[in-house]
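Chemist: Residue strings, one per chain:
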Amino acid sequence: MEMSTNLLIFSGLALLMAAAAIAAVTTSRIMRAVTYLLFVLFGTAGLYFMLHYTFLGAVQIIVYAGGIVVLFIFAALLIGKGIIDVTHTSKLRYLAGVLASMSGLAIALYLIVNTTFITDKFTTDGVPMTVVGSALMGTAKHNYVLTFEVLSILLLACMVGAIMIARKK
Amino acid sequence: MTIPAQFYLILAAVLFFIGVFGFFTRRNLISLLISTELMLNAVDINFAVFNAYSHPEHLEGFFFTMFGIGIAAAETAVAIAIIINVFRNAKSIHIKNLLDLKH
Amino acid sequence: MDFTILILALPLLSFLILGLAGMKMPHKWAGAIGTLSLTLVTILSYCAAALYFGAGRNAEGIFAPITPYNHTWLPLGGTLSIDMGILIDPISVMMLIVISTVSLMVHIYSLGYMKGERGFQRYYAFLSLFTFSMLGLVVATNIFQMYVFWELVGVSSYLLIGFYYTKPAAIAASKKAFIVTRFADLFFLIGILLYGYYTETFSFTPGETLLMSAGAVLPIALALMFVGGAGKSAMFPLHIWLPDAMEGPTPVSALIHAATMVVAGVYLVARMFPLFIDYAPEVLHIVAYVGAFTSLYAAIVACVQTDIKRVLAFSTISQIAFMMVALGVCTSSNPHYGGLGYMASMFHLFTHAMFKGLLFLGAGAIIHAVHSNEKSQMGGLRKYMPVTHLTFLVACLAIAGIPPFSGFFSKDEILAACYDYSPMMGVFMSIVAAMTAFYMFRLYYLIFWGKSHYEEQLSLYSAGKSTHKPHKPHEAPLCMTAPLVILATITTVAGFIPFGNFISSNGEAYHIHINPAVATVSILLALAGIALATVMYIRGNSKLTTAINKALGIFIEAAYNRFYMDELWLFVTKKIIFNCISRPIAWFDRHVIDATMDMMATITQKCGNIVRPMQSGNVQSYSVWFLSGALLLALMLIFFT
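Chains as they are written, first to last, in numbering that gives the first Met the number 0: chain X, 0 to 168; chain Z, 0 to 102; chain A, 0 to 640.
Wrong hints could be hidden among the right ones.
As the list claims (entries may be wrong) - Here are the simulated DSSO-like cross-link-like pairs (lysine-lysine), alpha carbons at most 30 Å apart as the crow flies: (1) A:K382 to A:K471; (2) A:K174 to A:K573; (3) A:K382 to A:K114; (4) X:K90 to Z:K90; (5) A:K605 to X:K90; (6) A:K174 to A:K23.
Unchecked claim - To spell it out: a stretch of chain Z is covered by chain X in this simulated footprint if at least three of its residues, at any positions, have a beta carbon under 8 Å from a beta carbon of chain X; those stretches are: (7) 2–8; (8) 17–25; (9) 36–43; (10) 65–79.
No lab work stands behind these hints, which were simulated from the structure alone.
Keep in mind that this is a model prediction, so the values were computed, not measured.
For glycine and all other residues, C-beta sits at the position ideal for the given N, C-alpha and C.
Work the whole structure out from these sequences, hints included.
Modeler: Dropping the structure here:
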């Protein structure tokens with residue numbers, strides 16, 4: 000019963016995400032594309048919740064949906080005229096894109112279906128906040144303070160770089 | 000009973016290749032960036048799923064996903080700064096017109 | 000003798016200065032620099048001669064060769080190496096004196112002759128280059144160094160013949176000279192390589208054992224070297240370039256085509272003489288026959304030419320052939336028995352350089368005065384140009400072999416050597432000597448005697464029949480007559496130099512003695528030739544001349560056209576060689592070799608055109624390719640592992 004509910008939710012999310020993703024890469028209006036992307040990102044957050052990674056889902060919503068999509072919207076608005084992606088491309092290129100991505104997908108699906116994954120450790124316990132916090136800030140094995148710090152410096156550098164690049168001369 | 004991990008993986012693969020398709024066919028820098036985000040997102044899902052299903056005790060995939068999200072944010076910020084700058088110089092973000100760096 | 004390096008360095012330095020900075024300096028400076036350096040070279044050459052011969056003979060009674068410098072330039076492995084150095088021995092010292100003297104005279108003379116010419120500085124630069132090359136040639140310590148300078152001489156000769164590079168005839172003549180001599184030099188080079196390969200040295204005097212190992216190849220190598228010498232020395236049938244080379248300025252003809260470069264072939268044979276005489280006497284006799292034929296041929300042609308420089312050119316060919324004959328008739332290296340010719344040849348080289356230089360410079364003065372090479376524009380010039388007239392007469396007497404002028408002594412030795420070899424050869428060469436006297440005096444009378452072209456024109460002008468007032472011939476300036484006088488003096492006294500004391504075939508002293516029979520015959524023949532010329536030409540064309548011309552009509556026509564040798568060469572090269580060899584080769588080159596190369600290039604280009612769109616600069620297409628490759632690899636990993 001639980002299984003079928005989960006499956007139902009998952010199917011709904013999956014369909015939503017796939018449809019939104021396809022729409023995002025085919026619509027000719029950038030604002031719509033960004034909005035469809037937002038749906039995909041929300042769907043991803045939903046998937047994280049289903050995995051009981053609530054913190055990850057929260058981060059996904061805050062950073063992606065709250066930060067990145069806002070950036071996209073700003074960019075689209077700033078550029079204004081450029082927001083319409085009128086033509087896709089030449090037929091040949093379009094076919095090549097379709098063919099390449101379809102064959103890639105086929106191979107990936109073939110591999111996923113034909114590979115046996117060791118996936119018996121799933122629990123519904125989730126990850127408590129204290130564990131996340133101590134792992135993020137700890138210095139022991141399987142702790143990530145160094146990565147955290149490097150990432151913070153990277154973000155700072157990106158911030159400075161973005162300002163430098165985008166400001167008027 | 001839980002949902003099999005393969006379902007997630009299939010979904011992630013589908014999202015990834017939709018992103019690839021978008022990257023191949025779109026003609027606008029922002030659209031390209033959106034496609035890239037789709038691909039990144041698909042990869043993040045994979046990390047989280049493998050972490051949850053195979054090694055829940057270590058949280059490596061968990062944190063990889065988290066840092067991936069952080070890096071995606073940084074990358075998007077810089078990319079959009081560049082796009083705005085390009086637009087300011089070339090009055091276009093249509094990649095057909097952006098050939099100056101080719102030579 | 001260390002200072003001898005200066006003899007080479009000074010002209011080179013002068014060439015570099017004049018060649019690099021000449022155009023920036025006034026004419027006077029350029030002339031002064033060239034002449035000054037040559038004066039120093041001349042002084043040094045005479046010093047070298049005085050020191051060398053003054054040092055006396057060694058225990059074996061010969062003047063030992065000295066090598067002040069010898070630098071190994073290119074070691075080729077084993078004993079074989081190409082050296083650069085300076086060799087002082089009797090003939091090289093003699094050549095140093097000849098070259099520096101004539102060259103100095105020409106330098107001084109050119110100050111007047113070339114005055115105001117465009118490219119005056121260039122002219123002096125080339126003269127210096129030529130002098131440097133020629134001096135380097137004669138002091139070469141080995142055959143390869145000689146070849147290097149040999150080619151330099153060829154180049155500088157080319158430059159000087161083509162000095163008036165705006166004149167098509169001069170360009171053609173310079174090219175002809177260069178190509179013909181270069182063609183002959185090819186054989187010279189092959190000869191050198193054979194020689195070097197089999198004797199394992201480029202030295203002039205390899206050891207006995209080395210020569211023995213060379214064996215049968217040595218005569219071939221020497222014969223090939225002689226072909227090179229024949230090209231430079233204008234032996235039949237490679238003589239065709241020399242008459243045309245008269246297109247150069249006249250002093251250049253005096254220096255290069257009379258006194259120095261053209262005797263390089265004689266010098267080469269003399270240099271290799273010990274090898275010729277010991278290992279290839281039959282080749283030496285071929286040299287004699289080639290020389291004898293050339294001397295006769297050139298003498299006949301010289302008898303009918305109308306351009307005075309051409310007469311002198313053919314006379315030069317004939318006289319050089321005399322030297323070749325003298326070398327060729329040697330049968331041993333003992334000067335008392337069969338080796339007289341060597342000394343005679345060198346002696347004649349020396350005296351000929353002086354009087355032929357004098358003749359050319361005199362001709363230059365005449366051409367300078369009447370502005371033409373044609374004898375029809377001359378006549379009766381003795382009144383207007385007394386100095387030139389007298390010096391020219393001295394030279395004519397010398398070349399005709401009248402005592403006490405120097406030509407008599409050297410030619411007499413040559414004839415004596417010829418009679419020693421075979422009476423036939425002696426008689427033959429005596430006849431040619433008589434012809435020499437005839438054509439030289441024909442030239443002399445046509446220039447200085449007979450009706451004056453100037454006076455004829457003047458009377459026509461006074462009578463109102465001609466609107467063109469003729470230009471009065473005048474004597475040349477001092478800087479041109481002074482060299483004439485100096486050379487005439489040398490020509491007069493040089494016969495009394497005890498030449499055999501300095502140079503002989505084996506180095507031992509040899510006292511020149513006049514063979515009364517030979518001398519009498521040759522003087523009589525010369526006088527007969529002069530008498531005939533006097534009768535025929537002293538008053539312009541006499542009845543006798545007309546009669547003779549009529550009797551020998553076709554023959555004279557043929558001789559005037561040099562027996563159509565040039566046409567024959569043109570026929571052989573253009574019709575036969577070009578059509579049968581060059582054109583097919585050119586066709587093969589263009590249509591087979593080039594086409595193969597073109598095909599490779601075209602294929603590469605086509606491939607490039609196919610591949611080029613992939614390198615579009617478009618990130619999206621790159622990513623398509625990238626993904627395709629990655630997928631392909633993935634497929635390979637899945638299905639083949």
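Chemist: Are there three or more residues in the region 2–8 of chain Z whose C-beta lies within less than 8 Å of some C-beta in chain X?
Modeler: This one holds; 7 residues, not fewer than the three required, reach chain X with a Cβ under 8 Å.
Chemist: Is the straight-line distance between the alpha-carbon of K382 (chain A) and that of K114 (chain A) 30 Å or less?
Modeler: Roughly 25 Å separates the two Cα atoms, so the pair holds.
Chemist: Holds or violated: K382 (chain A) and K471 (chain A), Cα atoms, limit 30 Å.
Modeler: At roughly 11 Å apart (the allowed maximum being 30 Å), K471 (chain A) and K382 (chain A) satisfy the hint.
Chemist: Closer than 8 Å, Cβ to Cβ, for at least three residues: run that test on the region 36–43 of chain Z against chain X and report holds or violated.
Modeler: holds (count 4)
Chemist: Does K90 (chain X) pair with K90 (chain Z) here, judged by a C-alpha cut-off of 30 Å?
Modeler: Within the cut-off at roughly 26 Å; holds.
Chemist: Quick one: see if chain X covers the region 65–79 of chain Z, three-plus residues with Cβ-Cβ under 8 Å.
Modeler: n = 13 at 8 Å, threshold three: holds.
Chemist: Please verify the coverage claim for the region 17–25 of chain Z: does it have three or more residues whose C-beta sits within 8 Å of some C-beta in chain X?
Modeler: Since 8 is at least three, the answer is holds.
Chemist: Does the structure keep K174 (chain A) and K573 (chain A) at a Cα separation of 30 Å or less?
Modeler: 15 Å, holds
Chemist: Taking 30 Å as the top limit, are the C-alpha atoms of K605 (chain A) and K90 (chain X) close enough?
Modeler: 26 Å, holds
Chemist: If you draw a straight line from the CA of K174 (chain A) to the CA of K23 (chain A), is it 30 Å or shorter?
Modeler: 29 Å, holds
Going through the hint list in order, the structure satisfies each hint without exception.
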